[in-house]
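I would like the entire structure built from these sequences, with the hints used as guidance.
Taken in sequence, the protein lines are chains A and B.
Take the first sequence: its letter number 10 is residue 9 in numbering that gives the first Met the number 0, and every next letter is one higher.
Take the second sequence: its letter number 89 is residue 88 in numbering that gives the first Met the number 0, and every next letter is one higher.
Incorrect hints may appear among the rest.
Below, in silico cross-link-like pairs of lysine to any residue (SDA-like), each with a Cα-Cα straight-line distance of 20 angstroms or less [to be verified]: (1) A:24 x A:72; (2) B:118 x B:58; (3) A:135 x B:102; (4) B:190 x A:55; (5) B:65 x A:74; (6) A:77 x A:163; (7) A:148 x A:158; (8) A:78 x B:61; (9) A:51 x B:195; (10) A:24 x A:127; (11) B:196 x A:55; (12) A:77 x B:67; (13) A:24 x A:55; (14) A:144 x B:101; (15) B:103 x B:190; (16) B:50 x B:250; (17) B:147 x A:55; (18) B:215 x B:123; (19) B:190 x A:57; (20) A:77 x B:265; (21) B:66 x B:137.
Just a sample of chain A residues kept apart from chain B, beta carbon distances all over 12 angstroms, derived [stated by the list, open to error]: (22) 17; (23) 19; (24) 48; (25) 66; (26) 69; (27) 103; (28) 104; (29) 105; (30) 118; (31) 119; (32) 122; (33) 123; (34) 146; (35) 150; (36) 153; (37) 161.
Hints are computed from structural coordinates only; laboratory data are not their basis.
No experiment lies behind these values; they were computed from the predicted model shown.
Every residue, glycine too, gets a C-beta built ideally from N, C-alpha and C.
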Amino acid sequence: MKKILIPTVILFFSVVVHAQISKAKLTATGLTCSMCSKATYKQLISIAEIEKVEPDLNNTAFLLYFKKGSSVNIGDIKKKVEDAGFSVGELLVVFNFNKQQVENNRSFTLDNNTYTFMDTKSGTLNGEVKAKILDKGYIVEKEYKQISKMVKQYPSYATISKNLFHIKVL
Amino acid sequence: MNKIFLIVFLFINSTAFSQELFVFTEPASNMPAKSLAFRDMNGFFLEKDGKLNYHNMPELMWGINKKWMVHVQGFISNRQEGGFEAEGGSLYAKYRFFSEDAIKSHFRMALYGRYSLNKADIHQQELETMGHNTGYDAGFIATKLLHKVAISSTISYERALDNKPDYNFPITESNSAMNYTLSVGKLMLPKVYTSYKQINVNLMLELLGQRLNENKKSYLDIGPSVQLIINSQARIDIGYRHQIYSTMERTAPNGMVLKFEYLFFNAFR
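Structure, rendered in structure tokens:
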């Protein structure tokens with residue numbers, strides 16, 4: 000197997016920011032039935048940082064509302080969906096930014112997680128901003144294969160770590 | 000036989016949502032991790048002389064993690080002369096080793112094993128480690144949920160041992176068999192989801208076959224069933240099992256099954 004060198008560049012520009020994740024929209028895959036959806040709901044609501052979960056049964060989606068001031072671990076969401084027996088098909092996260100500089104390959108650290116911008120227009124972000132998690136296990140397999148083709152442009156994308164995320168601002 | 004395949008074919012091609020919580024078989028999917036479920040299976044099977052055999056099989060099921068689940072089951076029946084009596088029990092484990100999810104679809108594969116104890120008399124050529132024979136059953140399950148239809152198939156090896164202490168397995172009979180099943184299911188109601196409280200109605204059709212390894216005798220059963228899911232947490236199954244053909248001796252192949260199940264989410268933290 001080809002050894003993947005952990006790119007040191009990813010942490011290079013990573014700055015700790017005063018931002019917060021307030022909401023997320025999760026689409027689970029692998030299910031249709033309400034019992035399966037309820038199993039996923041029950042797993043998600045057991046996350047301590049989550050205040051409320053609103054299920055959308057017809058689209059197998061869930062709106063997650065996080066408690067104010069809580070530190071959100073994105074990895075917990077994936078683990079809970081998988082514990083219910085299913086997978087994450089899409090995860091959209093709402094960040095509350097305060098003058099966040101954005102450019103591709105730039106990273107910031109929030110609640111011990113590092114987020115790197117990908118495929119996003121440069122600029123400054125303020126207030127509620129919706130972003131999509133692009134890492135493996137957070138998107139459908141087909142999409143992951145497609146994004147993997149951009150690895151030359153985004154070297155850190157090849158590194159799979161539970162604290163390292165790549166986001167695209169929508 | 001062709002008629003049955005036609006029925007199965009029409010069933011697969013009809014449009015509706017689907018389900019895979021089958022009545023006569025288990026799907027390759029597991030129950031949620033850290034959850035606990037209680038199931039009570041009641042079987043009412045008619046013997047040829049008109050006697051009604053009642054089997055009660057209470058069962059506890061535990062989702063250990065996303066890959067493993069175990070069941071512990073008891074077998075009680077009125078078949079013995081003493082009347083209603085506990086005859087044995089079994090331990091079942093399932094390992095989901097493959098899972099591929101996409102929007103509203105999945106494909107899963109699992110391996111399972113069951114070990115059962117039973118002290119009842121051995122009264123038929125059919126092997127059944129669920130409530131009749133001491134022995135084991137090990138198999139492979141593949142389940143596909145494709146848009147609105149669930150289809151599942153099982154192949155297993157079943158081996159009967161002596162029903163200790165009083166009944167040895169007859170040496171003249173085949174003590175092992177291959178089992179094969181094909182199940183399809185679909186959700187009839189609701190057409191559109193509005194809440195977890197809606198009652199879900201599922202229809203299922205299953206084919207269940209066995210072939211004894213030593214004398215090549217076989218049977219094939221068909222099992223249609225209706226399932227109600229209440230509050231996305233409780234199940235009521237009403238099924239009927241009917242023998243299509245059999246070349247082996249079976250005491251009471253035809254009958255009704257009534258199953259109740261309740262799922263406790265996050266029972267373990």
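Inset, instruction - Return the numbers of the hints above that this structure violates; sort them in rising order. - result: Structure breaks no hint.
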